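Q: Residues per chain are reported as follows:
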Amino acid sequence: MMSSNTASSSSGNAGSADSSANRRTSKRPKYSRFTQQELPACKPILTPKWVITVFLLVSIVFIPIGVASLFASRDVVEIVDRYETECIPPANRTNKVGFIQSSADKTCNRTIKVTKRMKQPIYIYYQLDNFYQNHRRYVKSRSDSQLKDPKSASDTSACDPEGTLNGTVPIVPCGLIAWSLFNDSYSFSRNNNETLTVNKKEISWKSDRDHKFGKAVFPKNFQNGTLIGGASLNESIPLSEQEDLIVWMRTAALPTFRKLYGKIETDLNPNDEVRVILENNYNTYSFNGKKKLVLSTTSWLGGKNDFLGIAYLTVGGLCFFLALLFTVVYLVKPRRLGDPSYLSWNRNPGGR
Amino acid sequence: MSGWDRVRASRSRSSQNSAETTRTTSRTVTLGRVQPQAPGHRTIYCNDREANQPLRFKGNSIATTKYNLLTFLPKGLFEQFRRVANCYFLMISILSTTPMSPVNPVTNVVPLSLVLLVSLIKEAWEDWKRFQNDMTINNTPIDVLQDQRWEPIPWKKLQVGDIIRVKQDGFFPADLLFLASTNADGVCYIETANLDGETNLKIRKALERTWDYLTPEKASEFKGEVQCEQPNNSLYTFTGNLIVQKQTLPINPNQLLLRGCSLRNTEYIIGAVIFAGHETKVMMNSMNIPSKRSTLERKLDKLILTLFGTLSVMCLIGAIGSAVIIDRKHFYLGLHDMRKTVEDDQFNPDNRFLVALLNLFTLITLFSPIIPISLYVSIETIKFFQSTQYINKDLRMYHVESNTPALARTSNLNEELGQVEYIFSDKTGTLTRNLMEFFKCSIGGESYGTGITEIEREVAHQIGTKIREVEKPANFIKEKGFNFDDPRLLLGAWRNEPNPDICKEFFRCLAICHTVLPEGEESPEKIRYQAASPDEAALVTAAKNFGFFFYRRTPTMIYVRESHVEKMGNIEDVSYEILNVLEFNSTRKRQSVVCRYPDGRLVLYCKGADTVVYERLADGNEDINKVTREHLEQFGSSGLRTLCLAYRDLSPDMYEKWNEKFIQAKSSLRDRELKLDEVGELIEKDLILIGCTAIEDKLQEGVPACIQTLSRAGIKIWVLTGDKMETAINIAYACNLINNEMKKFIISSETDAIREVEDRGDQVEIARFIREEVKKELQKCLDDVQQMHSVSGPKLALVIDGKCLMYALDPSLRVMLLNLSMNCSSVVCCRVSPLQKAQVTSLVKKGAKKITLSIGDGANDVSMIQAAHIGVGISGQEGMQAVMASDFAIAQFRFLTDLLLVHGRWSYLRICKVVLYFFYKNLTFTLTQFWFTFQCGFSGQRYYDDWFQSLYNVIFTSMPVIMLGLFDKDVSASLSKKYPELYKEGMKNVFFTWRVVAIWAFFSVYQSLVLYHFVAISSSSAQNSSGKIFGIWDVSTMAFTCVVVTVNLRLLMMCNTITKYHYITVGGSILAWFIFVFLYSGIMTTHDRQENVYFVIYVLMSTIYFYFTILLVPVVALLGDFIYQGVQRWFFPYNYQIVQEIHSDEPRDMREMLELEIGNQLTPEEARSLAIAQLPREISKHTGFAFDSPGYESFFAAQLGIYAPQKAWDVARRASMRSKPRLGKKN
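Same order as they appear, the protein sequences are chains P and Z. The numbering used here numbers the first residue of the first sequence as 1 and each following residue consecutively. The numbering used here numbers the first residue of the second sequence as 1 and each following residue consecutively.
If we strip away everything but chain P, and leave its shape as in the complex, we get (with noise of 0.2 Å):
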């Protein structure tokens, strides 16, 4: 509307000088390029050349982006080992939930061959999969207002039923999604001896730690009800220093997916063997889900993900096969353009 008007207004004194005299009583409406639908305007016509040569453009802008991304990808280390059921006593692996919810031991000691060169950083991350973080009654679970602000620590509304102890007592953070916080542990050494300290430091997204997570935050009553969902809390450190929680809290799009845990901040060596000591506490098991640990190192582009790479190629390959078959019908089969024949009442004129 915003643009008629302008349009109007802009070229309605361009409009035919006569009849000055008797504008006044006359109704002939006034010229403008709008009312009289002149506008300038392009009008592109779709036609074959035009068709290759956006696939031909799409081809050459993709495909070098497809291989960059490729080999970006590819220059990504990373190494995956799934333990969820090894890191099960064979003894127990019939009933795995009763395991992982008595007071066993379940320290469990895996071994990673690094195969490739990893540079520092390397980062740790755990993969869960089938859990639906993304589930609306979880998603929701949580107060943010109590997760900044010490004075709003009873405000709970949203976080039934992991809101309060015995419905009094707040629990900060309240709600299911901190109260169900990861709660493996991992630590690792190289060789044998040499023990890879873990970064847990700037994990998380910095926006998140400076403005959802306050500073004055402290947990409290946090994982005392009778049902212990996951990790408990330092309650001395304050929530915008507890990353852990800061990564989990920020909750995922897909029910599998990626944690940041840590970064080890040395760079492993081919057939370097790490040894990785690992409290297998969360339980997956009850809803069969996968736990994996995840080495992985990241290029400009990020972390292993060829998606992006291939996408790019086959897009790019596939609007470059396009090009050529349609060329080779143009040059096949042409059609004039603008032929008159080609008009639906030239064809059969006798038809209506």
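Because the hints were derived from the structure by calculation, they are not lab data. Check each hint, because a few of them may be wrong.
[As the list claims (entries may be wrong)] Some, not all, of what chain P presents toward chain Z, calculated at C-beta under 10 Å:
| hint | residue |
| --- | --- |
| 1 | P44 |
| 2 | V76 |
| 3 | V139 |
| 4 | Y186 |
| 5 | N271 |
| 6 | E273 |
| 7 | G302 |
| 8 | L337 |
| 9 | W345 |
The structure presented is a predicted model; accordingly, all values stated were derived computationally and were not measured. We put the CB at the ideal spot given by N, CA and C, even for glycine.
Put chain Z on the given structure of chain P with help from the hints.
A: Same frame as chain P, but now just chain Z:
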């Protein structure tokens, strides 16, 4: 003229077809309904406000507004929620406030309120304009009698019983009882154009008893009591009594001056207010135009229903999925401790049915954007602009002569204009100009007049010859009604003709034998003639130009200023005493005047149809009679309307004898008309033929070309006219509707067999016989059609007259008629009544299920205009009735090409695209949400932030589509007209079939899959070198960005023309999204949900992933569409695409140049004679009898002081109205 005499004729057998009338009229929408009459009558005390006080008559202020300040909100909202879509969104909004809702109520409330707000503002604006209009009317001053003085007061202060004065050209502020006039004889002239569209002046005559109350002093003495019927809406009836000084005088409509009429030719009149304000007849007649909905919109409803079905299926899948998947094993969902709240019930694995049910509601709220909320508002906005800015302001549809632009009275039907398949056209005033011009004549066997009729010219043009216009002499007299050029007759040259005496008779007959009223100054230049029919005025004008200037009429005398009679240059005033007038009526088909010359010569002048005049000619003069007949036929075949003139000298004795009989007949009380006719026969015999006149009923400009263009566009044109068959066929030929290659079927009631039966006079027998005949004829024609169909023979044309049509429209024959007429490329129905016009229209509308358009100019076309899908009125001429009932008003028939082929086609194209685009963008958006639902355990988690979702429709995707609806055009206006065949695509509804919808739906699914999965899959690992991982809101914001970009770019792909506004809005929409998200995610407020997306966009934009994805995803998503478009255009091009290609490299000006026609270079004389010679002469005895005009009788009658009964067509209308209230509710 069309239709009127047909009605008149049908009056006689109205009893017999009344059953038919009542049955069929329920379909025709008429001018309002007859209100039930309040019992009793009202008594009005004139000039006595106190006495009227207790009776509480309504005041004279009117209000046509729908709302007032208090009722606006409730009533306006109520109106809005009568729309199903709005109700749906209200329901969704209510649902979204419940805990079941996954989204914040703002998601649904904001768009709904915006939509409502826009609609309400529009309503308020329209009502405000109505209010202002009312105020202007209510505040018009009028002189009212107060204390023996005329006091100007506004109309609204007027009260029933007031005595008022209305000056010349003033409008009557209320229904008045006519008391006195400045004219002698207490008459006044009124124009009723606002009521019935007739511009002929009508005469009203006050009761003799009240003539004196003219001055304020006198008028203030007037104390009368009016007893009359209660207010009603019948324009032509009124009964009441005026009681003055214990004397009861009957009042009839002749003393009633209706609000809305205006006073003419009278200095002023005095009247007493009888009905005021909303009780006046015109107000009681006003009604809202029945709102028509376009076919496309109805199909749109089906699309919406389909979407609703899709929504239900999606919700059902989701609901079942949620019930299946919910399980305690997902301990992190906290299902161990279920309370009795809705939130918990929704996920309680113990009651899976309830889970499914509650999730169903959740998902309905979540997926509600699948139905585009702003669709209706957008379409309305677009249509509003289309009609107010494009159609109303199109210079190509502006008619300079009448200073009339086109007018779209409704914006609902714009796209319907692009799908019209049948046009029903009135003839007079629509195809022809209803501008009668004296064109040729034949005097004493000599033919005069050199003009070429437009019909001849058109016929010549079709044959391919060009007639060069003869140079008009500098002193060529051209005025309204006179288009005659022949130096042999003008400026007294007739004296040198072989027969000057007979010329003199001819001119005198023209000047004397008529019923025209001169008006204005008595000089040839300034005088204006008021005539019942334009033919008459043309004849009198002709006499004036021949030097016989009729300038004054008194009841007994006619004054003529005659030039060159005795000798050249001599001018003298002659007065003729008019002794008798034998008036015109449709049975007599002639009119005679007995006059006495100043020298005592008694002459009867007669003019009439050739058939009746020839019967009454004296013996002898066979030569002249024969030659004149030839001329008559020649005139007739070139489309002229003819009249024969004759005279007879009377001897005083014989006249006296006859006059006695005449007076006797005139004063008889029973069968007066019949007796007058009989007496007329006694004297109208042994006539001597003077000659004949030929009047051109001019074709409207460009009609044949327009019709040809329209028929190339595949539109079938039917002419429905009240004219006689010959005239109608003639015009049809001229207009290109029928040509000689066509096979014509003529079904006429004017056959000998039928006439014979009719003469016997047995009504039942006549009906039975005609029906049989019609059936036989129809069967025969159908057989012919079937035979010809096999060999793809010539095109067919059907001509049928009203009487036969009446039987053919009978339910038993209707199917045959329809079958036959569907096979014909043109159909001419002549002598049809207004009602039949409507019946024919609805026959095709309902029977053939095609889009119909009716075009007409007069009151008799109203029913047809309202019956068709689209009604078009011819504006800028006399009368507003047709325009008031129409959906579009144009000044000229030829503007139909622009209206249909340009505006209609574009509107159709645009609206189709807009609808499909809306469908596509909302389906795509909702489907991405749907795919997410599969991956979040069917929990109904929203994928997008609330505000994203609510602003998606309202801001991020709303403007470009409006630009599409406003600016898109496939080919330019001139090409649209150059290739009318393009129009067929709209007729077949090529752009909005289910196939097209399915294709869009397919690509919508494809795109949504790409948009969701590409983003979701590619974002599962770390996206920059810091190794951090995205959360759900990062992914969804990414996806949403891709959706906005894709959907907006898709719009550009579907545009045929891309203006700067497209760039601005498409770019602006994408930019708006970024600006919004920068602000929105950059600011942290205390509101809970927003923190989900806090800083999200900055996080996203810090990764290279963002840029890679935003390049990849839209391209991949649009690749499918692009391939489809490329292949479609390459291998299965639409016609418009070919035309685009043909003209792709022509600069714009060149294309406009193509429109100009370049005449060829024959010499004028050659071209003319050649062309005339090549004219096909219709072998027809028809000679175009001119006096075929409505209102003729009543005009005469009024002049003689007889009140003519209401017209038959009015009876029919009233009859048809009676059934309306029953149906009214449904519409």
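Q: State for each hint whether it applies.
A: Each hint tested on the structure:
1. P44: Given a least distance of 7 Å, the restraint on P/P44 holds.
2. V76: holds (9 Å)
3. V139: holds (6 Å)
4. Y186: With a minimum Cβ separation of about 15 Å from chain Z (threshold 10 Å), the hint on P/Y186 is violated.
5. N271: violated (24 Å)
6. E273: This interface hint is violated because 23 Å lies over the 10 Å limit.
7. G302: Given a least distance of 4 Å, the restraint on P/G302 holds.
8. L337: holds (4 Å)
9. W345: holds (4 Å)
Of the numbered hints stated above, those contradicted by the structure are hints 4, 5, 6, listed in ascending order.
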